[in-house]
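S.K.: Please put together the full structure from these sequences, using the hints given.
In terms of full-length UniProt numbering, the sequence shown is residues 1 to 223.
Hints are not guaranteed to be accurate.
[Said to hold, decoys possible] Beta-carbon label-pair distances, calculated as ranges:
1. F112 <-> W59: 18 to 28 Å
2. E41 <-> A100: 15 to 25 Å
3. E75 <-> I203: 45 to 55 Å
4. M167 <-> Y79: 28 to 38 Å
5. Y79 <-> R197: 22 to 32 Å
6. A193 <-> W59: 45 to 55 Å
These aren't lab readings, by the way, just hints derived from the structure by calculation. Where a beta carbon is used, it is the ideal one built from N, C-alpha and C, also for glycine.
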Amino acid sequence: MVVGGSENGQAAGGPGDVSHSPRPHSYENSQRSKQAAATRERIVAAATDLVHDLPNWDWRSLTVRAVARRAGVNESTVYRHFATERNLRDAVLRRLETEAGVELDNLRLDNFGQTIAQTFAYLATFPINRQPLDDPTFAALDQRRRAALRAALAQSASGWTEREREMAAAALDAYWSVSTFERMITTWNLDSAEATRAATWVIGLIEAAVREGRSPQRPGDRA
1 MVVGGSENGQ AAGGPGDVSH SPRPHSYENS QRSKQAAATR ERIVAAATDL
51 VHDLPNWDWR SLTVRAVARR AGVNESTVYR HFATERNLRD AVLRRLETEA
101 GVELDNLRLD NFGQTIAQTF AYLATFPINR QPLDDPTFAA LDQRRRAALR
151 AALAQSASGW TEREREMAAA ALDAYWSVST FERMITTWNL DSAEATRAAT
201 WVIGLIEAAV REGRSPQRPG DRA
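M.R.: Now the structure itself:
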């Protein structure tokens, strides 16, 4: 009879008994992985919800502290999944791109219009604060410029509806702005002459569309 040992003479739990040796269980590892993935998803979802509440895409309030509060976790938990605030913001931006259905890796000219439509439709779900120009001089200039564009469209596209002319005027205004000029120079590294030619090229295309009676509302129509 064997007492307190195994049949081969070794004590239970001794070197020859591997059945009771501590080892990681795949089930426990799987559960921990699922919990970690769920926590990460909770953090990203909370951060994305927070962005949806921020007007004009102002991300200054998108902080680790704010996201942790929204997700109901500690800041240390956020940092455990995202080493830096930049990492968190990158994850949120990828989530927003997915929500918008925008795939930049597959962008082509023939699907660019669709991409713009999807992007703008998605942006419309965010709050936009319509802030008037503070400086009265620039506000007056903006009013005169918009009035001039409306008058030009009223003369060249008299058969269009008021909203169609307003859409065309807005498109022209986008290329008659300081922000567009500066972006072409600072982001695209164009010189001032190249930026001017690029803007006037697009404006020329809009002008041709107006003369041909192709309004933004009905781009395939002819007058």
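S.K.: Now look at each hint and say whether the structure bears it out.
M.R.: Results of checking the hints against the structure:
At about 26 Å, the CB distance of F112 to W59 agrees with the hint of 18 to 28 Å. The hinted range of 15 to 25 Å is satisfied by E41 and A100, whose Cβ atoms lie roughly 19 Å apart. E75 and I203 have their C-beta atoms about 50 Å apart, which keeps the hinted 45 to 55 Å range intact. Between M167 and Y79 the beta carbons are some 46 Å apart, a value that contradicts the proposed interval 28 to 38 Å.
At roughly 48 Å, the beta carbons of Y79 and R197 sit outside the given window of 22 to 32 Å. The hinted window of 45 to 55 Å between A193 and W59 is violated, with their beta carbons roughly 34 Å apart.
Of the hints listed earlier, those the structure fails to meet are numbers 4, 5 and 6, in rising order.
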